[in-house]
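Novice: Produce the complete structure using the sequences and hints provided.
Quick note, the sequences are listed as chains A and B, same order. Under numbering that gives the first Met the number 0, the first residue of the first sequence carries the number 0, and numbering increases by one thereafter. Under numbering that gives the first Met the number 0, the first residue of the second sequence carries the number 0, and numbering increases by one thereafter.
Derived by calculation from the structure, the hints in this document are not laboratory data. Fair warning: there could be bad hints in the mix.
[To be verified] Taking beta-carbon pairs under 10 Å as the criterion, some of the chain A residues facing chain B (in silico):
(1) V4
(2) N5
(3) F30
(4) Q52
(5) I67
(6) G70
Where a beta carbon is used, it is the ideal one built from N, C-alpha and C, also for glycine.
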Amino acid sequence: MKLTVNNQPVDIGDNSTSSCGITLLCVITQFGAGGQFAVALNGQFVSKQNYPQTMVSADDKIEILSPIQGG
Amino acid sequence: MSTLKIYGTELNSRLLIGSALYPSPQVMNDAVKASGSEVITLSLRRQNPSEQSGKKIWQYIQQMGCHLLPNTAGCKTSDEAFTLAQMSREIFNTDWIKLEVIGDDYNLQPDPIELLKAADMLIKDGFKVLPYCTDDLVVCQRLYDLGCEVIMPWGSPIGTGLGLMNPYNLEAIRVRLPQATLIVDAGIGRPSDACQAMEMGYDGVLLNSAVALADNPVLMAGAFARSIEAGSQAYLAGVMPQRQTANPSTPTLGTPFWHQETNT
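Specialist: Below is the structure:
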């Protein structure tokens, strides 16, 4: 399944697919996200507790953001 | 010393400081300490798992013990700002948000329409919004009416260091919104700019580049701390009225070597 994660094309392999589809948690894990981060799916915030039950679909856009310095 | 109140939180320093652009994390750490600021701004960007530099900055910021003020820098629509604010709230565990919605890339001028929409959405979602806006009195009034207890008009565009471009506008906002907590955000270049804002009766100053881009950021941070304190005390003390004519301060009675003109 082709997705866009942090503006990069990502192909989620079959080993991430369960009988009921691919969850956001699978995508985040495959991406290798670590430390502090928050996630948006197609421009909508998804809270941490909802990663396991949030399903992703082909062409979804996922943003995984982390703290940086700012003014 | 009077305190700055941000949504009920009392702060001893009236300086809010940014965490960007410093030569190193250690300099940032030392400059923030020298500034005495208790509020530090920060942001969110796309994570790159192979890039670890962001982690170090975040560790330094956490150790400072400051209140965190995440921003929505880079957002151009109310929807983007709303989502980014929600993501920030989860990561930083704060409902404070420095709301930035940019309308023009040339001077990074806030978009007043999208800003008002975003402020409304965020307040309804429980955020305590600190909007970065232009020095437009009516926009500031609308933000206050929406429920923004803190309003942050610019002194001049972000990162310019041009100081207070429109003192008249900033003074009008102060006069017309006496109950609002007003903070000049952006454009401050010199400690005297910050002092000027405080002498107008502003409640605080938010800056980043002016300290981070100084030759010696730590020294400059201390200079800003003292200038803000001086301006704040000057406002409380009441500045004398300006006069167009000279007035001697030394008593004229008994002036030596003075000869009254006489008609001979």
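Novice: Identify whether the interface hint at A:F30 stands, where standing means a beta carbon of chain B within less than 10 Å of its own.
Specialist: It holds, given that the least Cβ distance between A:F30 and chain B is near 7 Å, below 10 Å.
Novice: Would you check whether A:Q52 satisfies its interface hint, that is, whether its CB is within less than 10 Å of any CB in chain B?
Specialist: This hint is violated: A:Q52 lies away from chain B, its Cβ roughly 17 Å from the closest one there, beyond 10 Å.
Novice: Does the interface hint hold: is A:V4 within less than 10 Å of chain B, judged Cβ to Cβ?
Specialist: holds, 9 Å
Novice: Do the numbers back the hint for A:I67, that is, is its least Cβ distance to chain B under 10 Å?
Specialist: holds, 5 Å
Novice: Please check whether A:N5 passes as an interface residue: C-beta within 10 Å of a C-beta belonging to chain B.
Specialist: holds, 4 Å
Novice: With chain B as the partner, please determine if A:G70 meets the hint condition of a C-beta pair closer than 10 Å.
Specialist: holds, 4 Å
Of the numbered hints stated above, the single one contradicted by the structure is hint 4.
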